[in-house]
Amino acid sequence: MNRILAIQDLIRSNPDGGKVDAFFNAPGRTFPIVEGPHATFVWRGDADGVSLRHWIFGLESESSLARIPNTDLWYLTLDIPHGSRVEYKFELHRHGGSQWIEDPRNPNRARDPFGANSVLQGEGYEVPDWVAPDPDARPGLLEPFSFHSKAFDAKRHGAIYLPARFRKTRLYPLLVVHDGSDYVNFANMRTVLDNLIHRLEIPDIIVAFTDSPDRLREYANDERHAKFLTEELLADLTGRLPIIDRPQARCLMGASFGAVAAFSTAVRYPDVWGRLLLQSGSFAFTDIGTRNRRGPLFDRVVEFVNQVRQEPKAVSERIFMSCGVYESLIYENRSLVPLLDATGMQVKFVEARDGHNWENWRDRLREGLSWLFPGPLMFVYE
Amino acid sequence: MITGEIPAIVLLGAQRYDPTLGDAIKELGVTGKIATITAGWQEREDDDEDLKEHLQGRAINLALHARGEDVFRKDKELLSAHRERQTLLRHRQDFYRVRLEHALDAQHVIDQRAAPDDILEDEARTSIDAIRNIDALHLDRCTRDRREFDARYRPLERPAIAEHRAQLAAILDDCEAIAISGGHVASLLNRLRLFGIADFAHGKTIFAWCAGAMAISERVVLFHDSPPQGPGAAEVLDAGLGFVGDVVVLPQPEFRLRLGDRARLKVMVRRFAPATCIAMPARSRVTWLRTGPTAPYGAFAIRDDGTHSFEPPPRSRSGPSSTSVDISPSSTAIPVSSGSRPRLV
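Respectively, the protein sequence lines represent chains A and B.
Following the numbering used here, the numbering of the first sequence begins with 20 at its first residue and continues without gaps.
Following the numbering used here, the numbering of the second sequence begins with 1261 at its first residue and continues without gaps.
Keep in mind the hints are simulated off the structure, nothing from the lab.
All figures in this text were calculated on a predicted structure; none of them were measured in a lab.
Just so it is clear, CB atoms sit at the ideal spot from N, CA and C, and this is done for glycine as well.
Treat the hints loosely; a few may be bogus.
Partner residues are not named here, just some residues of chain A that face chain B (Cβ under 7 Å, in silico) [stated by the list, open to error]:
| # | residue |
| --- | --- |
| 1 | Leu161 |
| 2 | Phe164 |
| 3 | Glu220 |
| 4 | Asp223 |
| 5 | Arg385 |
| 6 | Ser389 |
| 7 | Leu396 |
| 8 | Phe398 |
| 9 | Val399 |
| 10 | Tyr400 |
| 11 | Glu401 |
Only pairs whose alpha carbons sit at most 27 Å apart, straight line, appear in this in silico DSS-like list of lysine-lysine [said to hold, decoys possible]:
| # | chain 1 | residue 1 | chain 2 | residue 2 |
| --- | --- | --- | --- | --- |
| 12 | A | Lys187 | B | Lys1312 |
| 13 | B | Lys1312 | B | Lys1336 |
| 14 | A | Lys108 | A | Lys246 |
| 15 | B | Lys1312 | B | Lys1286 |
| 16 | A | Lys332 | A | Lys367 |
| 17 | A | Lys187 | B | Lys1336 |
Modelling step: build the complete structure from the supplied sequences, incorporating the hints.
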């Protein structure tokens, strides 16, 4: 038997203002209203039209909310698969113009470099407990660094994470993160590292959070960037910090163009970076011609990925890849996995019902990092 | 390997929250000093106030971790050789894991196939044999590497270690028992071997729990059915000190094993047979005398078909009896041939 959704119930009651008030004030009601696989988005107010703006590849990016007659209540019900996480905004159309706003009734927000989005947490989705600060987990140290890169003939900035129990006499693996500030600010990565280390799920590790002033250019298969990371930054860090001198202990990671930067660096310097963590990689390619539908920004990426697809080689030992199924990039990522796998590299690919955003990347950190760098969990019995 | 000079060995479940070590000591009538080994806690080795209090002032911590650090500070050649060996061991474990995972994948695929029962049974046996061969090969290589290392560097004869061994001998001479805690099992095993603790165990009653219990068994098996990166395979780490033979010790089964996953448990048990896989939850205890295991409480064996008799033990301070779980082969259909029941060696 089909369940009557709350919004349908309201519509059947021929609502007036009072009934709409009661609808909003119903005990325990949260917005959007999630009822099993159905999610109902609602907005209340005067407008000529209201649209739902989301970034789910496969659904119409603009979906109009319907107004319930004789009320100022707008709604839209969508089927949302179990465990989904969807970022969205409302677009209000008034007097010939439009404005994008966050959902005023939904306290869940995801921040990113462009601001914030509202977040629908579908049935079955829970924010992982390891992304919030744990009072028992000793915090690591985050120290800023700046570095003159010969490859770029410019300064590069970033931050070095040292684990809480860092000692100069011990040796540590190294993780280099692209878009480091964004991983710290929008994916709680510092807290995640503290927690995973505390839980013994990853080892004590040194992490270099790096940033680029021109990421779309420098991350898109740029030889200078690969040189900067491998010949300059790695050499500098290895010289002044106790880092294990083995490929298995070196990892590059990044999301989107950052993943392209990580992978293309590993390809230019095979067997240096033994671990790769690639999230929602912008691995655009063409089967014919050289111009991808995504536009000229991707030309260098397409050139790189086409080359990899033409002649896949083992350049690392373990690659963890993840991608949201609501991203258009899911197609590129899925198709790359078997090619990499066939080279003899160990590849683990994880999909999530999420989009191209920082919280998706945050939520995959535990599985990715612990697979690339298993902590002492298997060794500790007490 | 110690042969018959240990009066009793007691393996215990986790001691952190509800220690039962005191009960076990009392039960065996140990009244003298007790040497404690907390090297599995690594840098936190001396954070042992609770243990000392529990042992009512009779504990003397052997400080094996700190002694090891001292040795490496003084003997740079050994430190360098040790690091080189650690790298070798990591490589060995990594390559072993690659082979093991593929063999386990093959076992799983074959296990899903439809075929006449006799063929499936034969193939299942072959799958397990293949895995057992990989385990055995790994163990052999670890043993060979260790012997080569010992022959080349002769660690026990090096002054830095000999000095500590003399001190340890003096301390242990005055102790009636040795209590070995849990912690990082590889680190613990390393320190136990570095100082040749097996040489000092003669005549001492041994109490060991969690990693400590694993380290004194004859084969250390690492396991965790629910790590964050997905369920991996149980792995042989190395040979243990071998004080207790024919058992694989599985501490914290209530957290680390999927006790309802019969297929998974079955594979584990058959991999390590004829040794018995003994799961040791909190408050469990098994005492070995020279005649064999006695007075098991709360510990349980995983049977050949992946079943077991686990029930969370009641929270009483002492004594077994009505809720005791027998780990003898007859009661649990443990896949052991006659004469290979858990023994004190």
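How the hints compare with the structure:
Taken as an interface hint, leucine 161 (chain A) does not check out: its beta carbon lies about 23 Å from the nearest beta carbon of chain B, beyond 7 Å. Hint status for phenylalanine 164 (chain A) relative to chain B: violated, with the closest Cβ pair at about 27 Å, above 7 Å. The interface hint given for glutamate 220 (chain A) holds, since its Cβ lies 5 Å from the closest Cβ of chain B, which is under the 7 Å cut-off. Taking 7 Å as the C-beta cut-off, the interface hint given for aspartate 223 (chain A) is violated, the closest approach to chain B being about 11 Å.
A least Cβ separation of about 5 Å between arginine 385 (chain A) and chain B falls short of the 7 Å threshold, and the interface hint therefore holds. Satisfaction of the interface hint for serine 389 (chain A) is found here, the shortest Cβ-Cβ separation to chain B being roughly 4 Å, below the 7 Å cut-off. Annotation: leucine 396 (chain A) was flagged as interfacial toward chain B, and the flag holds, the nearest CB pair being 6 Å apart, inside 7 Å. With 7 Å as the threshold, the beta carbon of phenylalanine 398 (chain A) comes within range of chain B, its nearest partner Cβ sitting at about 5 Å, so the hint holds.
At a threshold of 7 Å, the smallest CB-CB gap from valine 399 (chain A) to chain B is about 5 Å, leaving the interface hint in force. Contact between tyrosine 400 (chain A) and chain B, as hinted, is supported at the beta carbon level, the nearest pair being about 4 Å apart and thus within 7 Å. Of the supplied interface hints, the one on glutamate 401 (chain A) holds, with its beta-carbon coming within about 4 Å of a beta-carbon of chain B, less than 7 Å. Using a Cα cut-off of 27 Å, the hinted pair lysine 187 (chain A) and lysine 1312 (chain B) is violated, with the two alpha carbons roughly 31 Å apart.
Annotation: proposed proximity of lysine 1312 (chain B) to lysine 1336 (chain B) is violated, straight-line Cα distance about 34 Å (limit 27 Å). Pair hint lysine 108 (chain A) plus lysine 246 (chain A) does not hold up; C-alpha atoms about 40 Å apart against a cutoff of 27 Å. For the given pair, lysine 1312 (chain B) sits about 15 Å from lysine 1286 (chain B) by alpha-carbon distance, which is consistent with the 27 Å threshold. In summary, the hint linking lysine 332 (chain A) to lysine 367 (chain A) is supported, as the alpha carbons are separated by about 17 Å, within the 27 Å threshold.
A C-alpha spacing of about 17 Å is found between lysine 187 (chain A) and lysine 1336 (chain B), which places the hinted pair at or below 27 Å, so the restraint holds.
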